[in-house]
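Novice: Each chain is listed here by its residues.
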Amino acid sequence: MLEHFLFATRVLLRTAKGTLHIVFALAVVASFWRVRAWQLSVYGAMVAAIVSRWRWTTGVENELSDAGAMAVQFAVPLLCVLVTCGALAVARRVPGRRRAIIACAIGAVMALWTVCKLSVLREHVPALSQALGTAGMPVMGLSYVVLKLVHLLADAAGPRPPEARATTVMAMVFFPPTYASGPVHRYDEFARSFDALPGARARDWATAIRRITWGTL
Amino acid sequence: MSVLAAHLGDWVLPVLAEPAAYGAGPLWLALYGYAAYIYINFAGVSDIAIGLGAAFGVAVPENFARPYLQLDIQSFWRSWHITLTRWLQAYIFMPISKRLMRTRLRRHPKLVASVGYLVTFAFCGVWHGDTAGLLLWGLYHGLGLCIYAVLPVSLKVLPHSRPSPLRRLVWWTITFHFVTLGWLLFACPLPTALRALARLVGFG
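In order, the protein sequence lines correspond to chains A and B.
Quick note on numbering: the first sequence equals residues 1 to 217 in this note's numbering.
Quick note on numbering: the second sequence equals residues 1 to 204 in this note's numbering.
Don't read these hints as lab results, they were simulated from the structure.
Take the hints with a grain of salt, since some may be wrong.
In silico contact screen, one side only, chain B against chain A (beta carbon under 10 Å); selected entries [unchecked claim]:
id	residue
1	Gly-23
2	Leu-27
3	Glu-62
4	His-128
Examples of chain A residues toward chain B, derived with CB under 10 Å [to be verified]:
id	residue
5	Val-90
6	His-185
7	Leu-197
8	Arg-203
9	Arg-210
Quick list of the computed label-pair ranges, beta carbon to beta carbon [what the hints assert, rightly or not]:
id	chain 1	residue 1	chain 2	residue 2	range
10	B	Arg-99	A	Val-23	36 to 42 Å
11	B	Leu-166	A	Pro-162	46 to 52 Å
12	B	Val-170	A	Ala-111	44 to 50 Å
For glycine and all other residues, C-beta sits at the position ideal for the given N, C-alpha and C.
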C-alpha cells in the first residue's frame, strides 16, 4: 500500500497539475483535521473564492474587478443559502403555509440559477444580470449548490422535514470536496456524518488515500 | 483533472475540434478516447471528493458504478452521475409522470414515461450548459430511453435474467455506441458535431 502511494506521489510530482492536486489535497485535509461547523463554513467560502479567483484569471473575460468577481462568486451561492434557510425558518413558524413558502423558495433559487446559468437571459435582460453582478460570467459550482438546496427544500416540504441548522446547511453547500463538481449531497446524509465527525485517528485514512490517489491519476 | 485524463484530452480534443482534417478511422479513435476521457476525468474528480470526504470524516455518496459496462441505456443512467440522475428522477421525472397519470394518458403508461424522459433529459442537457448541442444531447438520451421503454420485454436484458453471451455482447455494443456517439453533441458545438458525425459514417 505504502509502496503504491509513494510511486503515485512520485508520478504526480513530475507534472505541475499533479503537484497542484497534492498540495490542494494536503492543505484541505490539514485544515479539516478537527473542525467545527462554523470553521468549515468559513473555510469552504474561502476555498470557493480562491478557486473561483484562480479560474477567473485563467481565461474567463469579465467586466468586473477581481475583487468584485470574487465577491459575486461567493455572494450568489450565499444568497441561495440565505433564501433557503430563511424560508425554512419562516415555514417552521407558519406551519399552515409550509408548502407554499417552500415552493416560493424553490422558485426563487431556481430563478437565480436560471439568470446566472442561461447566457440568453444574461444577454436579453442585462439589467437583471448586472444587478446580480453576473454579467458575462458563470458562477462556479452554482448548479450543484442549487441541486443540494432543492433537495433540502423538497425534503422540508415532505411529511418528515429535517431539523436543518443554518451552519450545517452552509457546511454542506460549501463543503470543498463536492462544491464545484459534486457528488450531490442530501442534507440528512451529510448532517448525519457531519454532526458526528470522528476524531482524526478514527477516520478512514486508507479509503481517503486510495480514492484521492486513484482519482488524481 | 486527473493526470491520465489530461494526457488523453491533449490527444482527443484537437481531433474533435477539427473533424474535417481527419478521416473516419482517427475520428472513431478520438471518439472512443473522448468517452474514456470524460469518464476518467469526471469519475476521478468524484473519487477525489469521496477520498477527501473520508479524510474529513464526512461520507460522500458514490457517483459512478461502471457505467460503460451496462447493457442498456436505463442501466447506464443508473450508474453515470448517480446523484444527479436520482435528483432528476425525484424532482422532475416522478412529478411529471404522477401528474400525467392523473389525466386520460394513464391508459398509456409508456407514453407517460416517454414524455417524462424527454422533459427530464431536456432539463439535464440545459443543466450542463445552455447550448443547442447540450439540449440536443439531453433530448438524444431522452429519446434513447423512450425507445428502450417501448421495446417489448422479450427483447430486453432484464436485471435478474441470464442472457446468453451473444445477447449481452449485442446489447453492450448498442448501448456503448449510443452513449459514445452522444458525446459528440456534448463535446463539440452543434455544426462541428454534425460534420464529425457525417465523417464518422462515411459522408462528408
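Novice: If a hint holds in the structure, say so; if it does not, say that too.
Specialist: A quick look at each hint next to the structure:
{"no.": "1", "hint": "Gly-23", "in the structure": "violated (32 Å)"}
{"no.": "2", "hint": "Leu-27", "in the structure": "violated (27 Å)"}
{"no.": "3", "hint": "Glu-62", "in the structure": "holds (7 Å)"}
{"no.": "4", "hint": "His-128", "in the structure": "holds (8 Å)"}
{"no.": "5", "hint": "Val-90", "in the structure": "violated (22 Å)"}
{"no.": "6", "hint": "His-185", "in the structure": "holds (7 Å)"}
{"no.": "7", "hint": "Leu-197", "in the structure": "holds (4 Å)"}
{"no.": "8", "hint": "Arg-203", "in the structure": "holds (5 Å)"}
{"no.": "9", "hint": "Arg-210", "in the structure": "holds (7 Å)"}
{"no.": "10", "hint": "B:Arg-99 to A:Val-23: 36 to 42 Å", "in the structure": "violated (50 Å)"}
{"no.": "11", "hint": "B:Leu-166 to A:Pro-162: 46 to 52 Å", "in the structure": "holds (49 Å)"}
{"no.": "12", "hint": "B:Val-170 to A:Ala-111: 44 to 50 Å", "in the structure": "holds (46 Å)"}
Of the numbered hints stated above, those contradicted by the structure are hints 1, 2, 5, 10, listed in ascending order.
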